[in-house]
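From first to last, the protein sequence lines are chains A, B and C.
Counting from 194, one number per residue, gives the positions in the first sequence under this note's numbering.
Counting from 99, one number per residue, gives the positions in the second sequence under this note's numbering.
Counting from 63, one number per residue, gives the positions in the third sequence under this note's numbering.
If you're looking for bench data, these hints aren't it; they were derived computationally from the structure.
In this text, a Cβ means the ideal position worked out from N, Cα and C, and glycines have one as well.
One or more hints might be untrue.
As the list claims (entries may be wrong) - Chain A is faced by these chain B residues, among others (derived, beta-carbon under 8 Å):
hint : residue
1    : R190
2    : A225
3    : S277
4    : E279
5    : G280
6    : G348
7    : L349
8    : P353
9    : G416
10   : I418
11   : A429
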Amino acid sequence: MHRTSASRAARLTKAVAQFPVARYLQPGRYLKMADSCAPKFSAQTLKEYELTLARYPTRQAALLPTLWLAMREFGWISPQVEQYVAGLMGLPPSHVRAVVSFYEMFYRKPVGRWHLAVCTNLPCRLRGADQIVRAIRDRLNFEHGDTTPDRRFTLETVQCLASCGSAPMLQLNQDVYHENLTVESVIKLIDELAARAD
Amino acid sequence: MERILSRWVDIPDLRRIEVYEAHGGYQAWRKVLTEMTPAALIDEVKAANLRGRGGAAFPTGTKWGFIPRDSQKPVYVCCNADESEPGTFGNRYQLENDPHGVIEGLLICCRAVNAHVGYIYLRGEFALQKRRVDEALAQARARGYVGRNVLGANFDVEIYTHRGAGAYICGEETALLESLEGKRGYPRNRPPFPAIHGAFGCPTVVNNVETLSNLPHIIARGAQWYRGIGPAASPGPKLFCLSGHLNRPGLYELPMGFPLKNMIYDEHLGGGILNGKKLKAVIPGGSSFPVFTADEALKVNMDFDSVRAAGSLMGTGGVIVMHEDTCMVDALRTIANFYHHESCGQCTPCREGCGWIEKLLIDLEAGRGEAADLDKLIDIADNMEGNTICVLADSLAMPVRSFVRKFKEEFVEHVRRRRCPYRFERGYAGAAPRDAPPFPPTEAGAAS
Amino acid sequence: MPKLTINGRELDAPQGVNLIQAAEMLGIEIPHYCYHPGLSVVGNCRMCLVEVERAPKLQIACNTKVAEGMVVRTESPRVKTAQAAVLEFLLINHPIDCPVCDQAGECKLQDYYMDYDRKPSRFPLGKKNKKGKALDIGSDIMLDQERCILCARCTRFFDEVTHTSELAIFERGDHCVVDTYPGRRVDNRYACNVVDICPVGALTEKDFRFRMRVWYLHRAPSVCSACARGCAIDIDHHRGRIYRYKPRYNPNVNRWWICDEGRHSFTAVQREHRLTQPLVQAADRFAAESWEAALARAAEKIRRCSQDYGPNAVGALVGAQATNEEIFALKRFLSRTIGSTSVGGVSFSSADARPGDTFLIRADKNPNTRGLSALGLALDGLASLAFAAGQGELKVLIVLRADPARALGRAGFMRALGALEHLILLDVSASQTASFAGQVLPIAAHPELDGSFTNFEGWVQRLHRAFDPPKQARGALELIGALEKTLDGIESDYSAPAVFADMARAEAAFHGLSLEGLAHHGARLNGVAV
Chain A
194 MHRTSASRAA RLTKAVAQFP VARYLQPGRY LKMADSCAPK FSAQTLKEYE
244 LTLARYPTRQ AALLPTLWLA MREFGWISPQ VEQYVAGLMG LPPSHVRAVV
294 SFYEMFYRKP VGRWHLAVCT NLPCRLRGAD QIVRAIRDRL NFEHGDTTPD
344 RRFTLETVQC LASCGSAPML QLNQDVYHEN LTVESVIKLI DELAARAD
Chain B
99 MERILSRWVD IPDLRRIEVY EAHGGYQAWR KVLTEMTPAA LIDEVKAANL
149 RGRGGAAFPT GTKWGFIPRD SQKPVYVCCN ADESEPGTFG NRYQLENDPH
199 GVIEGLLICC RAVNAHVGYI YLRGEFALQK RRVDEALAQA RARGYVGRNV
249 LGANFDVEIY THRGAGAYIC GEETALLESL EGKRGYPRNR PPFPAIHGAF
299 GCPTVVNNVE TLSNLPHIIA RGAQWYRGIG PAASPGPKLF CLSGHLNRPG
349 LYELPMGFPL KNMIYDEHLG GGILNGKKLK AVIPGGSSFP VFTADEALKV
399 NMDFDSVRAA GSLMGTGGVI VMHEDTCMVD ALRTIANFYH HESCGQCTPC
449 REGCGWIEKL LIDLEAGRGE AADLDKLIDI ADNMEGNTIC VLADSLAMPV
499 RSFVRKFKEE FVEHVRRRRC PYRFERGYAG AAPRDAPPFP PTEAGAAS
Chain C
63 MPKLTINGRE LDAPQGVNLI QAAEMLGIEI PHYCYHPGLS VVGNCRMCLV
113 EVERAPKLQI ACNTKVAEGM VVRTESPRVK TAQAAVLEFL LINHPIDCPV
163 CDQAGECKLQ DYYMDYDRKP SRFPLGKKNK KGKALDIGSD IMLDQERCIL
213 CARCTRFFDE VTHTSELAIF ERGDHCVVDT YPGRRVDNRY ACNVVDICPV
263 GALTEKDFRF RMRVWYLHRA PSVCSACARG CAIDIDHHRG RIYRYKPRYN
313 PNVNRWWICD EGRHSFTAVQ REHRLTQPLV QAADRFAAES WEAALARAAE
363 KIRRCSQDYG PNAVGALVGA QATNEEIFAL KRFLSRTIGS TSVGGVSFSS
413 ADARPGDTFL IRADKNPNTR GLSALGLALD GLASLAFAAG QGELKVLIVL
463 RADPARALGR AGFMRALGAL EHLILLDVSA SQTASFAGQV LPIAAHPELD
513 GSFTNFEGWV QRLHRAFDPP KQARGALELI GALEKTLDGI ESDYSAPAVF
563 ADMARAEAAF HGLSLEGLAH HGARLNGVAV
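Based on the sequences and whatever the hints tell you, model everything.
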């Protein structure tokens, strides 16, 4: 009895993991689950969203800013977030996903606390971007994947970030530029970030 | 030479409005609103012969002239701050350090075409730059330079920033408009042109950051003065972005027509080649354009027409310098990777061709290529160029053709030896980064 | 009318048409994938590049409108190079799985490759991008992302025509895929149109998958009979079996589209559901008999009743499934041969029929309700005939393509028409009314018919016979002609064109029309405001 229900639960978990969205979308079936994990903007963000709408003559034009609000609020754009944004803005979810998947900065899976975007375009490579990437990989010990198992760091190689005169460089958490990197300086940076409590 | 577009180097805190005003800031805007008609304004810009700094070098005044005078629909102005061309980084420093200069230019443009809303489309990665522009906008709004009934001149204008999210193609003006409308950044077919059917189906002007930031100076000091800088056919100051194997890479303001040789070797400019190496190649205008061999590079003057006559294009003024240890196959592979990655996927030749070229170059660089691949690369490039909606395909075709033709022996060598002949592993060791950049850095080091 | 030159030939083209349309007027093909006249122009496939004098670059014909003095070349070396290049690009990541692809034979990649490229591949098979295959995306559609050329016709159809947006293009560059939103399915009543407009084998119909090679199919232009819209269709058939309906362009009726219900409505008339020989009811059982015997029996009943009770004792009930010709012929048979005026129409849509919409689908599930009324038959014919039967005035009823027992229910039918002496049913398959019939005569179904329908807006469109009716089933017109001959020995021409011609003479609404004149796009009834 006990075994049966455990294996059933495992099967169910597996099925849900395989088709999380499909299950989520079937009205009525997994309603509880849908309720519990349905994302929603905070009141403050909703207010910002309303202000954003006012800047454009069409509703859809506010999609990118709204997705940015969602990035800030939820950390990444999960399928549930896509559907929330679609519902909020009255757009087909397929259109929201079409846009999300076109732009690289919308994370489509969770990323680590520290997101390192290292430019590996030509001007940066001419000044040793490959060594920077290697140094980060070695320091953080990851051969496979791009996020450390403790979810502290995500490494991404990106295209030109308009910092060619101060190459090589990386952008931290989609914001601050760290430029004129050397292997030593980037290792120092990583060690500092790793040591931080937040 | 006097720094005009990069005044912030000499004027600390230029991004604060009091400082900006103390140095003549918003006087041009006041003059435009109170002393000039829109027609006179356009004439002045035409007289200055300001040409777009975003890459296409189209005369700005003429572009404005395409906007219907009696448009029944609203007119929009977009500032293209999606700077993403590899080798180009001038806009970024302008937005960071002189946001008011860009805003004032945008306001002047709004007046010229009777637009009451302007958008500044910043690439998604420009988080700091967006904060700086938003701060500056708030200051300008508080001083009444932006908003309703500006300076009592019965002119309403609102400026908004719009943040992209990581797509090179959105620097293409129609893709930018699509992106502004909340869609995938797909370039549009022309006709219709943005001047008739742009943002939200309305007449729209899209101007680059650097183009707009010239405007306050042209208005304040006159077209005559402006034309005195550089060659008559493409006058004005220009921000050149030097990158790659130089002792002093960085942003330098020079007059149009400045010799490339001096840019590279002058000790107060590029400062010569890194580690005393020999110059091998230069891409003069950002990675989209044909490469120059060292010989070609040392002869050319940097203005739109001279570079074109020498067989390349000045584009955005992004000068990428490569020394003798650079593997040109790997350099081209890196460029191809970029365009493959950034192709929007809309048109067949670009969508399929960019990936094909990159796959061929990966094999060539790894020593798995064949002699026939060189012709194939040229052929693919020829088949891509000019056959697509926008010029992204051309932007790969041009470097491919020039790299393969001008450095053919290097490609052949890869095939013959079945490996890359360069000693270095991937990446170009020996590029010891400098201690200090030429301009105040961004908020680097102050990690959040 | 701008005058332009295409490949050296002059043309006065209507203002506003593009170069693909203009060239077509001269019989010149400009190959294209993404352009579809029913959708917005995106110009992404780049297949329609042509040379336009004074334009430095090749121009896409789909986005170039004709202009006065324009000089266009569609076969110059530059154009040919570009066409071959685009095909090569399209094929490098294409799986080339034609041997197992249902589109083979009607695939624009295949066709254009043969016409415009014919070069061997320069791209190694092992390096092709991998994408999703055989994805069940809902409705009746399977998606193969590797075969897809990203022309965006399907996404535009769902965005612009149905406004349902189930499909979109995700990702970027050569990783782009057409797909549904995860967990959502294509679910609208017009979904299968995307299979038709898909120029390659990326979208295929489950119903048709692996069933038939398209080059074995024969095609007959006809009209869908699933509702009062009467969408123009092509019947694709092989050896008396229908494999699919495809919408046929008719600007007056359905443009390029058809609903999925109509598209799949042919299953009801496939052979296995059909009546195939004349039946006679005796002691609650049906027995087969020969056509001679059946006709003789019917004629005898009609003759006797009309002699005994007067001509109006013989009546007819015509369903809105009958063609204009059948309605007219039966009405004329009653008046001319028997002298009866007891004729009525019925247009019945069952209560559980799917509702109409604002696009194509009509609530009235009959293709020729308008034809009935245009030919002067009351649509409430059943009520008056039932009244006459109840009064004992109606004894013999000929029922053509109608099912009163279904419309009234069995009890209702008995109350209304139970007093009849003899009911002669002419129908395609065994209906509920059949069990009350004295005789059941098998007739041809719509795909087996020559004739016409009048749609709800008064557009008269032609049906062409795709193949012969199964076994002993006969055309209803032929049957009426045979009955007439049996009764009064007169033999007249009961071919559809002849009957239509008679109808055009006799009926004001059809004056001036002819069956041949209906051509591909039909003609409007007289007296209908356009």
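Status of the hints after comparison with the structure:
{"no.": "1", "hint": "R190", "in the structure": "4 Å, holds"}
{"no.": "2", "hint": "A225", "in the structure": "4 Å, holds"}
{"no.": "3", "hint": "S277", "in the structure": "7 Å, holds"}
{"no.": "4", "hint": "E279", "in the structure": "5 Å, holds"}
{"no.": "5", "hint": "G280", "in the structure": "3 Å, holds"}
{"no.": "6", "hint": "G348", "in the structure": "4 Å, holds"}
{"no.": "7", "hint": "L349", "in the structure": "6 Å, holds"}
{"no.": "8", "hint": "P353", "in the structure": "19 Å, violated"}
{"no.": "9", "hint": "G416", "in the structure": "7 Å, holds"}
{"no.": "10", "hint": "I418", "in the structure": "6 Å, holds"}
{"no.": "11", "hint": "A429", "in the structure": "6 Å, holds"}
This entry does not satisfy hint 8, going by the numbered hints stated previously; all others are met.
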